[in-house]
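**Student:** For reference, the chains in residue letters:
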Amino acid sequence: MQICIGIKYCGGCNPVIDRAKLVQEIKKLLDPEFIITTDQSSGEWDIGILVCGCKTACAYKPEFTNAARKWIVVAGHSVDMDNEPEEELADIVAAKISR
Amino acid sequence: MALKTAEQYEESLRKMNLKVYLLGELVKNPVDNPIIRPSMNSVKMTYSLAQDPQYEDLMTAKSHLTGEKINRFCHLHQSTEDLVKKVKMQRLLGQKTGACFQRCVGMDAINAVDSVTFEMDKKLGTKYHERFIKFLKMIQKEDLVVDGAMTDPKGDRGLSPGKQEDPDLYTHVVEKRKDGIIVRGAKAHQTGAINSHWILVMPTIAMSKEDADYAVSFVAPADAEGISYIYGRQSCDTRKLEGCEIDVGNRQFGGHEALMVFDNLFVPWENVFMCGEYEFSGALVERFAGYHRQSYGGCKVGVGDVLIGAAALAADYNGASKASHIKDKLIEMIHLNETLFSCGIACSTQGHKTDSGTYLIDLLLANVCKQNVTRFPYEIARLAEDIAGGAMVTMASEKDLRHPEIGKFVEKYFKGIASVPTENRCRILRLVENITLGTAAVGYRTESMHGAGSPQAQRIMISRQGNLEQKKKLAKEIAGIKD
Numbered sequence: 047m048q049i050c051i052g053i054k055y056c057g058g059c060n061p062v063i064d065r066a067k068l069v070q071e072i073k074k075l076l077d078p079e080f081i082i083t084t085d086q087s088s089g090e091w092d093i094g095i096l097v098c099g100c101k102t103a104c105a106y107k108p109e110f111t112n113a114a115r116k117w118i119v120v121a122g123h124s125v126d127m128d129n130e131p132e133e134e135l136a137d138i139v140a141a142k143i144s145r
Numbered sequence: 134m135a136l137k138t139a140e141q142y143e144e145s146l147r148k149m150n151l152k153v154y155l156l157g158e159l160v161k162n163p164v165d166n167p168i169i170r171p172s173m174n175s176v177k178m179t180y181s182l183a184q185d186p187q188y189e190d191l192m193t194a195k196s197h198l199t200g201e202k203i204n205r206f207c208h209l210h211q212s213t214e215d216l217v218k219k220v221k222m223q224r225l226l227g228q229k230t231g232a233c234f235q236r237c238v239g240m241d242a243i244n245a246v247d248s249v250t251f252e253m254d255k256k257l258g259t260k261y262h263e264r265f266i267k268f269l270k271m272i273q274k275e276d277l278v279v280d281g282a283m284t285d286p287k288g289d290r291g292l293s294p295g296k297q298e299d300p301d302l303y304t305h306v307v308e309k310r311k312d313g314i315i316v317r318g319a320k321a322h323q324t325g326a327i328n329s330h331w332i333l334v335m336p337t338i339a340m341s342k343e344d345a346d347y348a349v350s351f352v353a354p355a356d357a358e359g360i361s362y363i364y365g366r367q368s369c370d371t372r373k374l375e376g377c378e379i380d381v382g383n384r385q386f387g388g389h390e391a392l393m394v395f396d397n398l399f400v401p402w403e404n405v406f407m408c409g410e411y412e413f414s415g416a417l418v419e420r421f422a423g424y425h426r427q428s429y430g431g432c433k434v435g436v437g438d439v440l441i442g443a444a445a446l447a448a449d450y451n452g453a454s455k456a457s458h459i460k461d462k463l464i465e466m467i468h469l470n471e472t473l474f475s476c477g478i479a480c481s482t483q484g485h486k487t488d489s490g491t492y493l494i495d496l497l498l499a500n501v502c503k504q505n506v507t508r509f510p511y512e513i514a515r516l517a518e519d520i521a522g523g524a525m526v527t528m529a530s531e532k533d534l535r536h537p538e539i540g541k542f543v544e545k546y547f548k549g550i551a552s553v554p555t556e557n558r559c560r561i562l563r564l565v566e567n568i569t570l571g572t573a574a575v576g577y578r579t580e581s582m583h584g585a586g587s588p589q590a591q592r593i594m595i596s597r598q599g600n601l602e603q604k605k606k607l608a609k610e611i612a613g614i615k616d
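So the sequence lines, in the order shown, correspond to chains P and V.
Numbering of the first sequence is given in the working numbering, commencing with residue 47 and proceeding in unit increments.
Numbering of the second sequence is given in the working numbering, commencing with residue 134 and proceeding in unit increments.
No lab work stands behind these hints, which were simulated from the structure alone.
The reader is advised that the hints may include incorrect statements.
Claimed, not checked - Capping the alpha-carbon separation at 35 angstroms, the derived lysine-lysine pairs in DSBU-like fashion look like this:
#	chain 1	residue 1	chain 2	residue 2
1	P	K101	V	K455
2	V	K486	P	K101
3	P	K74	V	K137
4	V	K202	P	K116
5	P	K107	V	K137
Working from the sequences, and respecting the hints, build out all of it.
**Tutor:** Here you go:
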């Protein structure tokens with residue numbers, strides 16, 4: 047069974063992390079049944095990852111909450127409000143997805 | 134189609150027939166002209182980032198007119214959040230291009246014209262807003278570039294438009310016909326004009342009754358019969374003709390300005406948004422200038438980010454990055470740059486809804502923002518030059534670096550730290566040169582001074598909006614003064 051992981055980026059005006067690199071690293075860590083997409087037209091995502099470049103997390107909007115059954119929020123050096131080093135962000139997100 | 138690809142944008146320009154003069158010659162193909170091309174690449178970036186999921190949250194918006202996803206540059210701000218996103222988008226584009234990306238002036242023009250034409254129609258019963266919205270829907274659908282054109286040549290600054298020896302020094306209506314108007318005059322310093330599909334003309338100052346013919350606003354295709362462009366020179370511009378990439382500093386991106394001349398341009402009534410309603414000209418100027426002064430709190434910050442990065446790399450390559458004064462200078466540059474950003478964000482969050490529903494920035498804070506922009510980029514540039522060192526203006530050319538005989542000396546004597554190739558040091562010093570005194574300095578320095586209005590224009594607005602009487606009341610109350 048395929049599990050759809052949706053990526054929603056912030057606009058990236060002054061990111062303190064490399065957002066694209068982070069998503070690539072998460073992708074590498076996941077098993078093949080996890081499909082990563084940014085396409086919002088294909089219906090509700092199983093898991094959404096909000097990838098924000100800084101702690102402002104300006105893309106965190108109520109209108110997106112229905113786009114996925116579960117959300118993981120990366121905001122700068124944090125995952126779901128917990129501060130983490132940049133080099134560990136991908137592992138932490140991947141672990142949360144696989145849980 | 135509500136979003137064009139970058140390639141579609143470039144192709145759309147190729148189909149246009151603009152009359153552009155550069156260095157004394159008519160340019161047959163502006164898109165591929167080596168002097169003009171980098172500026173087109175900058176505008177192109179506004180299209181390519183809108184297609185990228187990493188940036189779409191800032192680069193796109195939902196049209197309140199059609200519900201379609203559109204490029205933010207074609208959007209009317211529907212909330213303070215939209216105003217904030219505009220500034221962030223501009224910072225992003227400044228970072229990606231290190232230059233002026235030119236499309237802001239049209240965005241600021243459509244937002245100003247929207248609310249003013251709405252208010253004009255409400256008071257005077259005219260139909261300008263209806264015409265404007267029809268135009269805007271087309272712009273949004275086709276994802277087109279609009280060049281907002283405000284600044285007239287002005288001639289003798291001590292005389293009003295109608296008192297000039299040459300009446301064409303301010304753009305004006307010379308004839309009203311059944312089917313439209315004939316316009317003569319010019320618009321100066323037109324950013325991005327050659328890369329635009331349409332021009333949106335606005336009056337340059339608040340007009341009085343005797344200058345009603347100068348109170349004119351309209352749109353025209355950028356390649357309409359009767360419009361010609363004289364391309365503005367930039368410092369070091371002909372380096373782009375030398376076939377080298379290091380010496381130009383920024384090989385891919387740039388900006389441009391041109392003098393836009395209207396030689397008896399015919400404009401059909403459906404494209405006219407103001408014609409003689411002089412009492413609304415002041416509001417249009419004030420709002421456009423306000424939006425554009427907000428813009429500089431984004432775009433100049435993005436270019437500043439690139440310059441700060443270049444200065445920091447120059448310090449690294451010079452082996453000077455550990456010196457405490459270098460660290461302190463970089464801190465000062467960041468402090469100044471983020472202060473500009475703070476002003477851009479502040480005037481956006483304190484914006485308000487106008488009668489048409491479009492949001493306007495806080496005018497006082499937008500003018501404070503721009504007043505700071507007239508100063509801080511100069512100081513940031515000064516510090517960048519301080520950190521970079523004199524080689525940024527005395528360094529040998531790329532051709533000397535590549536020369537079979539003397540190249541080894543250039544390689545040897547322009548070397549910084551051992552681990553960094555001389556070429557990389559040359560590249561970063563040339564980038565500092567480009568932004569501080571080369572082609573990009575047009576946008577980063579002098580445009581920071583005079584673009585969106587010269588410093589005194591902001592001081593007049595700050596004086597008007599400063600609420601000084603309230604401050605006097607506060608002081609009297611604290612001091613126990615009873616009048």
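**Student:** All the hints need checking, so say for each whether the structure fits it.
**Tutor:** Hints versus structure:
| no. | hint | in the structure |
| --- | --- | --- |
| 1 | P:K101 / V:K455 | holds, 29 angstroms |
| 2 | V:K486 / P:K101 | holds, 28 angstroms |
| 3 | P:K74 / V:K137 | holds, 32 angstroms |
| 4 | V:K202 / P:K116 | holds, 25 angstroms |
| 5 | P:K107 / V:K137 | holds, 26 angstroms |
Comparing the model with each earlier hint shows no violations; every hint is respected.
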